[in-house]
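Asks: Can you join these two chains into the complex? Each is in its own frame, and there are hints to help.
Each chain is listed here by its residues.
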Amino acid sequence: MEALSSLGEGFAVALTFQNLFLALLGCFLGTVMGALPGLGPSNGVAILIPLAFTLGLGPVEAMILLTSVYYGAMYGGRISSILLNIPGDEPAMMTCLDGYPMAQKGRAGEALALSGIASFVGAFLATWGLVFLAPQLVKVALLFGPAEYFALFVLAFATLGGIASRNQAKAAFAAMLGLGIAMVGVDGQTGVPRFSFGEVHLYDGIDFLVAIVGLFALSEVFVFLEHRGTAANEGQEAKVQMGRIVPSARLITSTTPTMLRTSLLGFIAGVLPGAGASLGSFLAYSMEKKMVDREGTFGTGDPRGVAAPEAGNNAAAGGALVPMLALGVPGSGTTAVLLAMLLALNITPGPLLFTQNPDVVWGLIAALFIGNIMLLLMNIPMVGMFVRVLLVPPRLLMPVVAMVSFVGIYGISGSSFDLVVMVIFGVLGWALRKLDVPLVPVILGVLLGNLMEANLRRAMTISDGDWTTLVASPLSIGLWAIAIAGFVLPIFVGKALKMRMRRMHEEHTGTAD
Amino acid sequence: MSDRIFGGLGILLAAFFIWGAFQVELSFITDPVGPRTFPIIIGTLIGVASLVVILRPDPEPDWPALPRLLEIGAAVVVMLAYAMLLPELGFVIATAIASAFLTWRLGTAPFWSLVSGVATSLGIYVVFHLILGLSLAKGPLGF
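Protein sequences appear in the order of chains A and B. Just so you know, our numbering puts the end of the first sequence at 513, numbered straight through with nothing missing. Just so you know, our numbering puts the end of the second sequence at 143, numbered straight through with nothing missing.
Okay, chain B solo, but in the shape it has when bound (with noise of 0.2 Å):
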């Protein structure tokens, strides 16, 4: 079943990805081939992989139960905060939080996850920043 689903999306990218490669305006230079043929051949070959997984699926794999898929959306909400805040917040502030919560959610008793969220943020901080002089983002505080 998952990979019938699998496959019927595949058939949707596809579609959407030759519409697409239509959209493509086409400018006053060109080459024979032009811009739009070689999308047109994957999304072409993308629906044909498609079809054949959903002709012939592979056994079901071992989807998570729906606690643990949730447990993994909050993982990408806290990553995708983390993307847009480090920036406001800084590199120290949002790492420690961000680290301490996956440490947190993989498992560490939530003191410990703390210690070791900030312990990650300082410890990268001084190694790549201090000593390798990366720049990271700075937030309010200048960290």
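Isolated chain A (complex conformation) (with noise of 0.2 Å):
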């Protein structure tokens, strides 16, 4: 039980009281980025990830920070779906099928309250797959040599538009877009310029949080100009009863099989490449409707169809953080920020993570432990405050959110240009997303484009020049099946998996509203 005795030493770095703070803090903004339309789990953190790291924060408080903003967020994501039927992010989207029902029928405080239980059970035990999952999967990825790598971050791109996408050339396009703004910049190899056209603040290559600030942040800001003066911009009060807060302990027995069953579902959607927190939820809400849906209640106020959802998309979460932490390859949106945050620290996950720094690995686990704990004591009783930033119209908040942005990106560079390289990449982001092109494979192409280079010139020295070498191990050539696989199969599935989960939430709104 070696990962037991670490998690011990994690403890031990993570209970000082600074990183208790953090963690109490990170939770508290993470339930309202969670909460607030239009700040969801991977804006919310690339916001902050600038400012974290101007205000100097070592690698080991940062992520604790960061990582309880994304835990938080994934809590607060229900609060809306269930009061407004109005999903504060993506994965909350399966909650309002039947959060918001229970809320009409005057039990929106107890559903508040189990869909917060749900999530604790959740992410906690998601939290224990990490612990057991991650340190296995590291034993592997210690095998691996640069072809072996090459190959994975294929393995990366070429899933990440994932089972959920539509139009899988335009989440090629989106990698491939990202790998080639990576490029730009001083060759770290033999010392060349690439594509700066003799623009010294090109050489340095654009700063990738610049660009994941600028996509994920300001385009929102973007999108809620292009919908103003529609209802989307105005604060919304819930018109429901909030009923007894405290749910009865029947209702949490009732639900707990579910809660179980889910959570084990959730985490491994999470842990595969591509599949993320939505689709965690959504698997474990169809599989429950499926399950035990005897009565056809699923839909109308039905409990269990609000622990679902939620303890799915939660162990999603948690479960997304083993190929982060492990593999130094990121399979959602969020994690892909946070790996953002360790390389602006210098910090490159990976096998080599759990030797070398096994305090920001293990420190790191132990605060998601002691965070989920803390949401779960501010989710139950302090529901109603969270409930109030609802009111909070967008319309104030987007400038706010803009220039917060602008702070934290000015603070590490103290230069107008990236500024102007961000307001651009917002643009870019806007397009994008009314083009409906993936906005994470970017992000994660100009993260990884760097790296993945160098190990195929790695790989290619080391075979002096003999291309062969890519598929010379069985390693490699089961990781480029994996990737081929993983490109092909959603054309042919991922079409008919998007258009249910659009035509339940669809039927779900249409008889709702």
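Simulated from the structure, these hints should not be mistaken for laboratory data. Beta carbons: idealized from backbone N, C-alpha and C, even for Gly. Any given hint could be a false lead.
Said to hold, decoys possible - Some, not all, of what chain A presents toward chain B, calculated at C-beta under 7 Å: (1) A172; (2) D187; (3) G188; (4) V192; (5) D204; (6) L225; (7) R250; (8) I252; (9) T253; (10) R395; (11) G411; (12) G465; (13) A485.
Replies: Next comes the structure, spelled out in structure tokens:
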């Protein structure tokens, strides 16, 4: 039980006064960001990165703050789903299906509390999964040479469009665009400038933090500008009865099997590349509906229908940390943003992280346990306070988001040039969103481009220019095979799944309004 | 139609990128792959992906009407101006103006936008500069 003793040391790292405070702050900010429409986990974490960076937080502290925000946002997303029938973020979409009907019946308080407990169960079990699965994955990853790493990066990009992607060509375009952006600047191996066209500012390359904040946070501001004057820009008051806010023991015991099953399913969905929390909650809900919905009560305010997607998406959020920490390859948007934070602090996640910086890994995991308990305590009695957050209208909020983004980026470099680049990325992000081009592969490309190229060139140097080295070991052949399958299969399976996800949501909103 | 234009732009981008890759000067230190190969692979794949988008376009997205596009354009101009003028005007003034503009354009009454802009600016200044000690742009007035 090596993992447990490492975890014990992690608690020693996490249980300092400063780290506990950061976890508490992160959980609070995360819940607020998750609850606010327009600020999801990925852009919430994105605007905080430059700030964590400029405030000079160490790697452990920064990661504790940001992952607490990440977990918190997963909790917060459910609040507006249940009270307003508007998902606070994408993974919380499925929570609307039974959460809002339950609230309409005057059981909003119970639905909130139950979903809080389900979130806790999902995240708690997933963190245990992380403790035991990540070190195993590290053992495999230690066998990787440059050729295998290159294949692994290909796999990450190929599957990132994922089962939920609608157009693989656009996902591929996005990944290549990101990789292309990463190429700008001085080539690390030979020292020649590339794509900088004599512009001195471009010699250092484009800072991925600038790209991330622009693509995620600023583009959101443009989306709100586009929809100005619609209801989405006003704060909304819940029109439902809160009822009791402590669920009965019977309600909890009757939903426990659901929570356990969906936590497992969500965790697996999270670990797999390209699936992520949205799919985790969708699979969890559909599976429970198939398994236990004998009276056809799902969709009419069945508590199990509230517990299932919440346990599922929080477990998936924990699961998504496994490949990010163990392999250095994130499987979702938010974990990509967390990876950016680590890279900005000069820490490369992957198997070496576990041997070289065990304090970061285990301190972080311990902080997740602590944060989870804080979130549970915060979300049950204090839920009334988070409900008030929904009253903040985005028309006042979005400018603050924009300005905080500017402050963060300016704080890093003090350069107007970076701000201009960020605005350009904001516009690009808005246009790509309109065209249904996913942004996560762009980010991942910008982040991993240089590492990917370095591994390719290292492999080729070892083999002295023989390209077959890329498929020379069984391990790399396996990775290539999964990559190809992961890219091709969604073209056939993905359409059907995405359509079902949509239909389910539309049918529901159609009947509830 | 949008996707066709997008694909066309993608192919132009791919061509530009591959051209740019060939402009990279080779240095005397080199490895079997060199600095050009990987960008050329990327450029080619951008081209292929764009071609597929042209051949199999998605349904047309809902583009906003022209006034709304101009609105977004105006916000971009204000943000760019903010980026340029930040060191000249100083953080508090520049941020108050930019934030007030965005708040106004997002549908708040002009007077309250101004209040909100000033409050945002001062709030960020107090929290991030005075409390957390982050260095913000100093204008001629020292803030």
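Asks: Can you give the numbers of the hints that this structure goes against, from lowest to highest?
Replies: Hints 3, 5, 7, 8, 9 and 13 contradicted; others consistent.
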